[in-house]
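Chains as they are written, first to last, in this note's numbering: chain A, 1 to 440; chain B, 441 to 880; chain C, 881 to 1320.
No lab work stands behind these hints: they were computed from the structure. The hints are all genuine.
Ranges of calculated distance between the beta carbons of each label pair, as one might list FRET restraints: (1) A:Pro64 - B:Glu710: 49 to 59 Å; (2) A:Glu270 - B:Arg684: 40 to 50 Å; (3) A:Glu270 - B:Gly749: 31 to 41 Å; (4) C:Glu1305 - A:Leu110: 34 to 44 Å; (5) C:Lys968 - B:Gln724: 51 to 61 Å; (6) A:Lys390 - B:Thr591: 30 to 40 Å; (7) C:Lys1098 - A:Leu110: 46 to 56 Å; (8) A:Gly287 - B:Val600: 51 to 61 Å.
C-beta atoms are modelled at their ideal positions from N, C-alpha and C, and glycine is treated no differently.
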Amino acid sequence: MKPTLPLPEIEEATSAIVGEEMHALVAKLFPVCRSITGNGVRQTLQILQDYIPLVVHEVPSGTPVFDWVVPKEWNIQDAYLLNEAGEKVVDFAANNLHVLNYSTPINKQLPLQELKKHLFSLPEQPDLIPYKTSYYKPNWGFCLPDRQLQTLEEGLYTAVIDATLEDGSLTYGELYLPGETEDEVLVSSHVCHPSICNDNLSGIAVATFLARELAGRKNRYSYRFIFIPATIGAITWLSQNENRLANIRHGLVLTLLGDEASFTYKRTREGNFEIDEVVEHVLQACGKGYQLIDFFPYGYDERQFCSPGFNLPVGCLMRSQHGEFPEYHTSADNLEFVKAGSLAESVALLLEVTQVLEQNRKYRNTNPKCEPKLGKRGLYDSIAGSGDWKSREMAMFWLLNLSDGQHSLLAIAKRSGIAFSTIAEVAAVLQQHALLEPVT
Amino acid sequence: MKPTLPLPEIEEATSAIVGEEMHALVAKLFPVCRSITGNGVRQTLQILQDYIPLVVHEVPSGTPVFDWVVPKEWNIQDAYLLNEAGEKVVDFAANNLHVLNYSTPINKQLPLQELKKHLFSLPEQPDLIPYKTSYYKPNWGFCLPDRQLQTLEEGLYTAVIDATLEDGSLTYGELYLPGETEDEVLVSSHVCHPSICNDNLSGIAVATFLARELAGRKNRYSYRFIFIPATIGAITWLSQNENRLANIRHGLVLTLLGDEASFTYKRTREGNFEIDEVVEHVLQACGKGYQLIDFFPYGYDERQFCSPGFNLPVGCLMRSQHGEFPEYHTSADNLEFVKAGSLAESVALLLEVTQVLEQNRKYRNTNPKCEPKLGKRGLYDSIAGSGDWKSREMAMFWLLNLSDGQHSLLAIAKRSGIAFSTIAEVAAVLQQHALLEPVT
Amino acid sequence: MKPTLPLPEIEEATSAIVGEEMHALVAKLFPVCRSITGNGVRQTLQILQDYIPLVVHEVPSGTPVFDWVVPKEWNIQDAYLLNEAGEKVVDFAANNLHVLNYSTPINKQLPLQELKKHLFSLPEQPDLIPYKTSYYKPNWGFCLPDRQLQTLEEGLYTAVIDATLEDGSLTYGELYLPGETEDEVLVSSHVCHPSICNDNLSGIAVATFLARELAGRKNRYSYRFIFIPATIGAITWLSQNENRLANIRHGLVLTLLGDEASFTYKRTREGNFEIDEVVEHVLQACGKGYQLIDFFPYGYDERQFCSPGFNLPVGCLMRSQHGEFPEYHTSADNLEFVKAGSLAESVALLLEVTQVLEQNRKYRNTNPKCEPKLGKRGLYDSIAGSGDWKSREMAMFWLLNLSDGQHSLLAIAKRSGIAFSTIAEVAAVLQQHALLEPVT
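Generate the whole structure from the sequences, applying the supplied hints.
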């Protein structure tokens, strides 16, 4: 099938400008030390509010959310490791990945051997700082390059983590763009990772710019963007918004969208929801390489959205896959790893996905017995003229034949082999002539 | 699967005699100038009445038929183009394709440049006269070989088309062969094309000889043959017979059945009606090459029969496909292009299709718990003896096992790998012994 | 998918001991002259009673069973063929295959030419005695190697078959092992063939040892083993037990399980019952070659169990296939042809099949909205530790995600690519923590 809107065109139109602007947003968010709770998330959402009118929600620590409880709020001022000479051998100020995320506070002298139980490194990637967390098992620690770890001399070290773990709240951001109907498209990005870029400043930036673009359009669907801490944030949001879930018609988790790999789409749990069909169509129509993978209950917040009690039509769009690229969860996932062009292309692809979703309706032929007489309505002339007259004429016949209320425009495009955009345009013409009416 | 009735046998039996007779019918019909209305159709049906007892229907001009209206009747006496010297450079009497079919009357002098707007030729096939029509946009014109068009000298020409376009009627022919049940097989051929043979004097001749053959048989199904102008004829017939459509169980549009290409079957809109299964089976069983193509809303009157308001189980049997052979809609689709052998083979194939349809019932095993004791009924002996005893014995077991009212004989033939004819014969034997009863 | 219980392990554990014991049972059963009725079957069941507590049933001759009637009882004392010199040229005492099974009694002198109508041999396997029967057409005869038949000289022969055909009963054996539920697994073997081993002393021995093993276990399903004469025995059993058939959830016909060929599974009539899925899974998981064949209404008693009035979920497990190995129904199907190792492996495979059936339930996640918090239940630790921690953790996630009451454990194993045994073990752990509950 021919692409509906060839990706190169969108890309050209957007990358030069928006790509750089998106990368600048990533750079602004980069230094902030985020976690599942605390000021890092607040500061992140505040920066996003310069781009889109996010509403910020605070859910108090201790609030029950399904099988979980909203945890304490973690805030960190400083952290470092001093050697016997009083030199800072590891310093949070240099890179917030140096601290085991969500560490309990500590200020303690201890010998290297004991300290080593709290040091994390990557022997196979000896120059990189790993990104490590310990949310639900109280612990403290430092992360550092293995090459540095190996050079630490025996002796007493002072470990200082000036952090607080206190009742407070879990913070998330939400933007609702009302459309013609209350049927919703949900777009979710996690905002809990500190200074790593692809995971998930890329997803945050793509969601933000997608939202900004859609806010300027008249949409059939309402769009809900949520910026949430992974896992506990998704659980909290689902728990707090359970009564609204019935409106969700389609959804996407956005993550890992800034690197240079081709797109990967992870299907919904059912695997055959409309969002699956539409994303697959757009990826195929774009004429570039891509991967389709089936749902599995691991990865990002699709785990929660697709749990059996909800089974929401939510897939996950990525480029490189969770856990499958060497920079994953390390200091190498930095500002150089994400590219302005990739970010822009991700927005372009998602705009195309929303465009197809917006237009992908089912119609009913108002004149279903035999073909209507097109000539007397001037329909041959009205849509001829352009070079692809033949496929537009055939699009009319296909639309009239298959519009029995059962076939979506995308199904008609696939069966006929005619580009979705042609099918959608011709459907609009036939609707103007009252030959098609949308199924509600 | 082995052929039920090997095609070569039928062919041998029929081609020598019937093929020539069929070709003679095509030759008789060839000179008549048909259009969507008028005496050409009447004359055509009158010729067919020498072969089968067709009933001729007339539907007055102006009658509303769904979104359309029955058009005026077109009759033509003569037409020619004179050059300044008064010579007939184009003459309807030589070939009725020379006139744009359904031309408005004209008698006018005009210079070559103006005339050229009314001249049609095929630059890529410069020796052929194209077949052109203008039914719904009033126009007049002449069709001629491009090689001749290029030689026309500047000067004044006299265009004469002695035709009438007046209130009258649309004419179609119908033959109903009552069977044991009111369940109907519909066979439709278009009768509106003038002197071109494959499209569709071939379909007309095949339908006629098929009807003549079936009229001499005792059939389970009733058969309805209609000979109608394309598009408007189908729309008119459907409109006038809407209350009878519920009886249609299977149907075929017959066209392009006289050339030497292998068979092409275009499936119904649903693609899995019994007629699809049966035609595909017969084509496969015949052991010759063939093409199967999916329904698309273009081509012949399957467009109307398969419109969403009817969605009838009507496929289309052809040899060469609509628009896809060089002789299509030109003067090269002539008496040499259609062959006696091809016409006869088409009838033979269709007889086999009807034979399978007639026999393809579902049965119920009257003794469904365990196998019945065949020996005490003499069934091992009664059907043994012939060389394929083994497959007849297996046919008994398969029939007894799968006759639960859900499996047709064709389904049993396919699942067992035994020839349909064997399955059908053995089913008849088991029915005689009251071990099977047909599902009604 | 990895094997649940690797077959080599089971095989090692069982073949050395049980295989030899099984072969000894086959050897004990070998000399008995069985038929569809008579003391041969009784003696066979009596031998089996030394292994398992079979209940023996007698159904009187003349009892109507569906379309059939229980036949007379056949018992044979002796049979031989004397030449003119009074020498026994064929002797039942040497091999009971020498008598046409179910022969009418005879004591008659007749010339070679007349005698030959009653002699059966295999010209293409001239050294083998064929196994022949004539149950429903009264006849008598002798079977002998063709090489011997060819050497018989002209002259008068005396044919003596000292047999009786009198009212008596049809005998079958049955063992019911009650389980937690009344849902039943039916295992059927035919016991009517005389001195041939693979067909079906192998199936009898495998069923016996499988029953003995299952009798020592606590099972969810009840198991019913039947040892019946082929065809008439199955028909009789079905007729006498029609009211119990509704309990049958799964079933297998066991036959031809002692030769060295790889396993063949013949699917049920429907082809997609749970027994089909489970046997196919186990065969695949074992990592050896195997064949899957679709149901056809010929072969063994699956013909009766799968007749349309019952359509029971009964497949057939074999190694070599019915009629498709040279030793089939000849004296070459002897004690050397069946191997201790093959018999033991057949039992091992069937134990694995029953193990999967026992465990293959559907569960419901009791906490279906989002993932439950596994850490607070110590579930990460409780099941970690072993080397395949990763797949056990993923098994938890898959089980929680797909346990919506619709997916069996086998379906979850297939979709996740995790071994069924891991899935089943982890399901048990989650059930202990009340995170899963079985669907009833």
